[in-house]
Structures are given as C-alpha cells and as structure tokens.
Amino acid sequence: MSNKIHPQHPDITVDMWEKIDETIAANRSKPGSVITVLRECQNVVNYLPVELIDYISQGLNLSSSDVFGVASFYSLFSFEPKGRHLIKVCMGTACYVKGIKEAIDRTCNTYQIKEGGTSEDRRFSLEAVRCLGACGLAPVAVVDQDIYGSISSSNILEILERYE
Amino acid sequence: MKKVRTQLMLCGGTGCHSTGTPAVREALEKEIEQQGLSEEVQVVETGCNGFCAVGPVMLVQPDGIFYQKLDPKDIPYLVEEHFLKGRPVKKFFYKEPDSKETIPGMNDIPFFAHQQLRVMRNKGLIDPEVIDDYIARDGYFGAAKALQEMTPEQIVEEVKTSQIRGRGGAGFPTGIKWEFASKSPGDVKYVLCNADEGDPGAFMDRSILEADPHAVVEGMIIAARAINAHKGYIYARTEYPLAIRRLNIAITQAKEYGLLGKDILGTGFDFEIEIYEGAGAFVCGEETALMRSIEGKRGMPRPRPPFPAHKGLWEKPTILNNVETLANIPQIILNGGSWYASVGTETSKGTKVFALSGDIYNIGLLEVPMGISLRTVIYDIGGGIPKKKKFKAVQLGGPSGGCIPEQHLDTPVDYEEITKVGAIMGSGGMIVMDENTCMVDMARFFMDFIQDESCGKCTPCREGTRRLLQILEKICDGKGEPSDLESLDKLSAIIKDSALCGLGLTAPNPVLSTLRYFRDEYEAHIYEKRCPAKRCAALLKFEVDPELCTKCGACFRHCPTEAVIWKKKEIAVIDKEKCIKCMTCFEKCKFGSIF
Chain A
1 MSNKIHPQHP DITVDMWEKI DETIAANRSK PGSVITVLRE CQNVVNYLPV
51 ELIDYISQGL NLSSSDVFGV ASFYSLFSFE PKGRHLIKVC MGTACYVKGI
101 KEAIDRTCNT YQIKEGGTSE DRRFSLEAVR CLGACGLAPV AVVDQDIYGS
151 ISSSNILEIL ERYE
Chain B
1 MKKVRTQLML CGGTGCHSTG TPAVREALEK EIEQQGLSEE VQVVETGCNG
51 FCAVGPVMLV QPDGIFYQKL DPKDIPYLVE EHFLKGRPVK KFFYKEPDSK
101 ETIPGMNDIP FFAHQQLRVM RNKGLIDPEV IDDYIARDGY FGAAKALQEM
151 TPEQIVEEVK TSQIRGRGGA GFPTGIKWEF ASKSPGDVKY VLCNADEGDP
201 GAFMDRSILE ADPHAVVEGM IIAARAINAH KGYIYARTEY PLAIRRLNIA
251 ITQAKEYGLL GKDILGTGFD FEIEIYEGAG AFVCGEETAL MRSIEGKRGM
301 PRPRPPFPAH KGLWEKPTIL NNVETLANIP QIILNGGSWY ASVGTETSKG
351 TKVFALSGDI YNIGLLEVPM GISLRTVIYD IGGGIPKKKK FKAVQLGGPS
401 GGCIPEQHLD TPVDYEEITK VGAIMGSGGM IVMDENTCMV DMARFFMDFI
451 QDESCGKCTP CREGTRRLLQ ILEKICDGKG EPSDLESLDK LSAIIKDSAL
501 CGLGLTAPNP VLSTLRYFRD EYEAHIYEKR CPAKRCAALL KFEVDPELCT
551 KCGACFRHCP TEAVIWKKKE IAVIDKEKCI KCMTCFEKCK FGSIF
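One line per chain: the protein sequences are A and B, in this order. Using the working numbering, read the first sequence as starting at 1 and increasing by one per residue. Using the working numbering, read the second sequence as starting at 1 and increasing by one per residue.
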C-alpha cells in the first residue's frame, strides 16, 4: 500500500496516511465495510475532506459518488474541520422539556456559532445530538469527554469558559 | 469467586458514571484497604441500577441497604460507620420527596417496590463484565436447554406460547416472526439485534446492554437455533460507547466458554455474533433501513413485501429483534412460555421496561407488568411532579408517539389501549410534562426531529413533514392564521396514508395527538397571539407585572445584557432595546411576574 500516491492535504500528515492505509487494507475484502472505514478515517483526521473520500473510494474499489452518498447520509460524518473543543448538546425530549433550548441560544449568541457549525477562531464546534440517553441528568451537554448535567442558560457559559 | 462478607454494588451506568461513580469507587477502595477490610468487603461495579435521579447509587449486599447521592469526601465516614461499626449511615438513605422520611431498604422504596423485574432481574446484582456472575444467576441455562433438549420447532412454539410481542415499538408477535423465518428456505440466514435506540428520551436498551449484555447474547443464540442461522449482527448506536464495550467483552467471554463459535456446547451448532456500529441516522431503526446500513449503503427503507423473514440482509431470510425482546427470550425458554404469559393483559403479555424522564421526581429506568395504569407509573413509581406543579401530559412512543393528557391517565399499559388514546407503546420512552410545557412547541420539536431524520426517499415524508414544521414554526412565532389548523389536519392525514415506512406513517402523530387534546393551546397561539405555557419567546412581551413583582432583583442580577433596570425596593423594568429574549430573567423569576 505504501507505494500508493497520497493526495496532498494540509490537514493530513504522513502518520495519518499510514493509519488510513492500514484501515483500508484491513477492510478491503469485507462487504459493507465502507461505514466502518469512514468512521475510522474520521477518527484519525477529525473530519472527511473531499480528497480523503476520493482516496477511500479508490482503496475500496467503489465509485466516489457511492462513498460520498453514504458519508453524507449519516450525521456522524463531517466534511468540515471541527473546532478544538466539541460541544454536544442533547436535543432529546427530556432535555428539551427541561429547557436546553435556552442554553443553546445563549451559547450560539455568545460565541457566534450556528448549530452544527464551528466558531470563527475554531475554539468550539457546536453539535445538537439526538438523545444521549442520560435523561436523568437533563438537560445535558457534553464538552469533549466531560458530561455536564442540569445545564441552563445561566451556567453554560461558566462551563464553556473552562475550555480554551 | 472469592467469598466476602459484604458486596457493594456500585452503579456504573451512564447516569451515575457522569455524576461521579469513578471517584466514589476509588475512594471506597482506598478506604476499605486502609481500614483493613479488603478481605471482607468487595466493591462491584454493576450496570444501570435504574434510579438515575439520585446517582451515584450503591446497594449493600446482603443487607439490601440502598445509598444515594454518594460523595467521595464522605466515603471514609461511611466505610467506618457502616462496614467497621455496623451502623448504616442515614445521611445517604433515600428520602421521600414530600414527607422527607428516610427509607434504608431498597425494596421498600416506592420506586422499586412497584416494579416486577424480568428483563432487568440482574440489574445492579452482577458485574456485567464477568460471565461467571451471569451464569451464577441461571445465565446460559436457557441456551443450553434450547440447544440440547429442544428442536427448532419447539423453540418457536415456546415463544409463540409466551405471546411476547416485539418491544421495539410496533408490537409484532415475535414467535410468528420467527416461524416465518424458520420456514423460509435457504442455508444462509441472519439474526439481527436492533440496538439502534433512536427515540429521544429512551434509554432502556442502553441500560440493558450495560447491565446485562449476556442476556442479549443468549437470546440471540436461541433465536439463531430457532431459525437455523449461523451469523448474527448487533446494530448498536455509536453514541453508546459503554454498551458497545460491554457487548464486546460479553462476546469474547462467551467465545472462551464455548457458547459462541463452532460446535456450541458440543451440539454441533455454530453461531457467531458481530457488532456493527451505526453512524447516527434515526431511520436506521426501521428494519429494512437497518439492513441496508449493515450492507454499507445509505440507510433507506424499502417497500415490504418481500418481508425480511424471506428476503432481508444480503437478500437472505433474516429476523430482527429489539434488545429488550431478545433479553426476554432466555427466561421464556427456561421457565416456559405459559410462565411468561401469566403476567399481563389479554393481548399484551409479560413486562415492559420504561425510561421515565422529564418533569418528574424519580427519573430512571423501571420495569412493570403490562396492564398497570399510567397513573401508578407516574405517581407511585415516579413520585409525581416536582415543585408542586400540575401534570399536563405524558409523551409515549418517541417522535412517532403521542401525548396522553390527565383524563386518560388511568389507561393501562397495553398495546391496544394506548393506541386507542392516540399514542403508541413504542420502545418505552415516557416523558412527563408539567404545566409549563407548551404543546405547540412540543409538536414543533418532534416535527423538527422527524423532518431532519427523514431519509428523503418518499415525497409525503420528505416534503410533508417539512411543510408541517413550517406551519408549526409560524404558529410559535405568533404568525399563525386560522386556516393553519385545517392545513395541519389535512396534511397529517395525507402523510399517514401515503408514506413508505414506519417513520413516515407515524410522523404526523405528535401533531395529531396534540391537536386532539390541546387544540385550545393552538387556538390561543393563533387567535390571541398568546402562549399559555409561556414558552414561545416570540409571544412573550418581556414586561414585568407590577402586581406580582416582589422587587427581589433576581432578573436584574442574571440578565446578560443589562436590559433589566432595577433598584432596591423598586419594581423591575425591562429595556426592550437591550433585551435579547434569552429567557434568563423568565427562568430566574420565582413569582411568574414576567410575561
């Protein structure tokens, strides 16, 4: 695999290409493995640039429109780079009933982010996710790996200020 | 297994985990060692105990004492008092929300007392990462019986006798599904487990997988034997990392014990399970879409027939069962179908797991016999509505379900009865809403979810749900017109008649059920431009009622834009130029003086 020509991309380093090649090689002969490959490659690069999608489709011997079709269908995959910190706000029913909307609006206004977008300085990405299944803590937000329960429009900013 | 005097069953479910289980565990282990109790007291991290509202929780065995809201810094005191001196600590007992009375024993707490545990019989009692714990509680005995003593026909017959119906939502009889697949010709067949629990506000399957993953594995082995399949997939949500990790451990251990793989228990039967992680698409909970997704394609449903029992995954006969259904199977085989059917109503047998959340005291996971009334679940088990607020509705069945108002609270938990009052049993999400919830906004919320998750294949769902959402948004923004109600009715009826899959066919339900019971709220939004629950920001004036204002200044202190003008002992005034309608003042005002 290493003799393959890797497309130039500023966000993908040599190490990353190696891991990508490994993933493709391991899944090449398995039918239906495209979602797994996309997931693992996204874990490596943090998002899926067009060049990478083309590269994966060649590796798996699929048309790039097929791979793009799959990647754009599932909400897990992102074509845009993510911010340094990922805020996931739960938009499950329990969180909604308990007032997550107000906390989201506050965050969007303060950092000038849209839902699903990244702030100008790439400090935060905001993602609204479907139920995190932690309804006992509602309303819930997850910043990187930390789960915060009972968030509100007044305490969300205090929490976010801890992440530079 | 090591014999110890006391076992501390510390809850390691997602809820408790995020409120501090790891720190509590560390503190417990350190203190137990310091007190020299390591040989006598053992800490076991279990799956979800169910009582998420008061986490982190711990059950002391064999005493049956239940501790709640544990804090690492109190652990030294707790260990010394209880495990050294034998005096249970009252501070961490459960307290009745109204009477403040403390209850030490787990089984005396109303939340647990009304439950009947079958699927969740092992919750909080075993370490989900240790197969021996599961076997000690009769685990894999059902699989052994099915493989060694029963023919595939007998297994199907037993499941049919139990009359268990699919727990994923639609309630199709499981035994009949298996019978179709077992009679389908073909050498290659598949058993699938649907663990793509997508309904917002539902976390039953996650908790079962975290607390008792082996029960699902065992259920799949039995299902495979019944239809003669040799390969199974568990389609799990990628948002559930802990559940996936525990499933992986369970599968590895089952392989080591010869319960999965080649020649299981020496019977010559082969079966393997693979975990397939989803990638975040709600529609993949629909069976044909889920199979497409495993095939590595866009997860879009296809018309049925052919049904998956004839042509499913890779065009081979396939059965797909929900996590909870499969977790029931081992006990049906072990204790018999008629044992299972002894509980429940005429058409709905057995027990059902619900995830209770929203505006209620005892948020958590519970398992109740079919036929129990919703009122018992909400008031006796759930403890009622906090802050002395009034009950408004309970939402069942996720985005495809409906809201049930006060007058129908005596409806029993039963597939048919719940459908009659305009909701569906669904997978088990039960969200309680108090008087401060705006039902139009709720309908808008669900429609936003559905139109976002619509796969786009069929026009009624793709275009229809978007149009419904636009109308609802218009109403919430105070721009509703009288003709909108008619359009909502008409459009909903068309979608219900013409959509392709289960998601589309039930998509208008949130609108229909709120229109049915809360038409007055829609009318207030449209005719009076008023939101009775005061949740729709566009319909709020952001003015202070001088009669109700107590001049406390809470709104002033919390306003992020300094839009509130207030001095001590004076009534607050809101400057509308500066106000960004963030609702902070509204939330902070305890006297409801902002309107």
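Since the hints were made in silico from the structure, they are not lab data. Keep in mind that this is a model prediction, so the values were computed, not measured. Keep in mind that a hint or two might mislead.
Said to hold, decoys possible - Derived DSSO-like pairs: lysine-lysine, alpha-carbon spacing no greater than 27 Å straight-line:
1. B:K255 / A:K82
2. B:K95 / B:K389
3. B:K474 / B:K388
4. A:K30 / B:K474
5. B:K568 / B:K581
6. B:K496 / B:K457
7. A:K114 / B:K576
8. B:K569 / B:K479
9. A:K101 / B:K30
10. B:K255 / A:K101
11. B:K95 / A:K101
12. A:K101 / B:K588
13. A:K30 / B:K479
14. A:K19 / B:K588
15. B:K569 / B:K551
16. B:K479 / B:K490
17. B:K95 / A:K114
Right, here's what the structure says about each hint:
no.	hint	in the structure
1	B:K255 / A:K82	39 Å, violated
2	B:K95 / B:K389	20 Å, holds
3	B:K474 / B:K388	32 Å, violated
4	A:K30 / B:K474	49 Å, violated
5	B:K568 / B:K581	24 Å, holds
6	B:K496 / B:K457	16 Å, holds
7	A:K114 / B:K576	24 Å, holds
8	B:K569 / B:K479	38 Å, violated
9	A:K101 / B:K30	41 Å, violated
10	B:K255 / A:K101	46 Å, violated
11	B:K95 / A:K101	31 Å, violated
12	A:K101 / B:K588	16 Å, holds
13	A:K30 / B:K479	54 Å, violated
14	A:K19 / B:K588	51 Å, violated
15	B:K569 / B:K551	6 Å, holds
16	B:K479 / B:K490	20 Å, holds
17	B:K95 / A:K114	42 Å, violated
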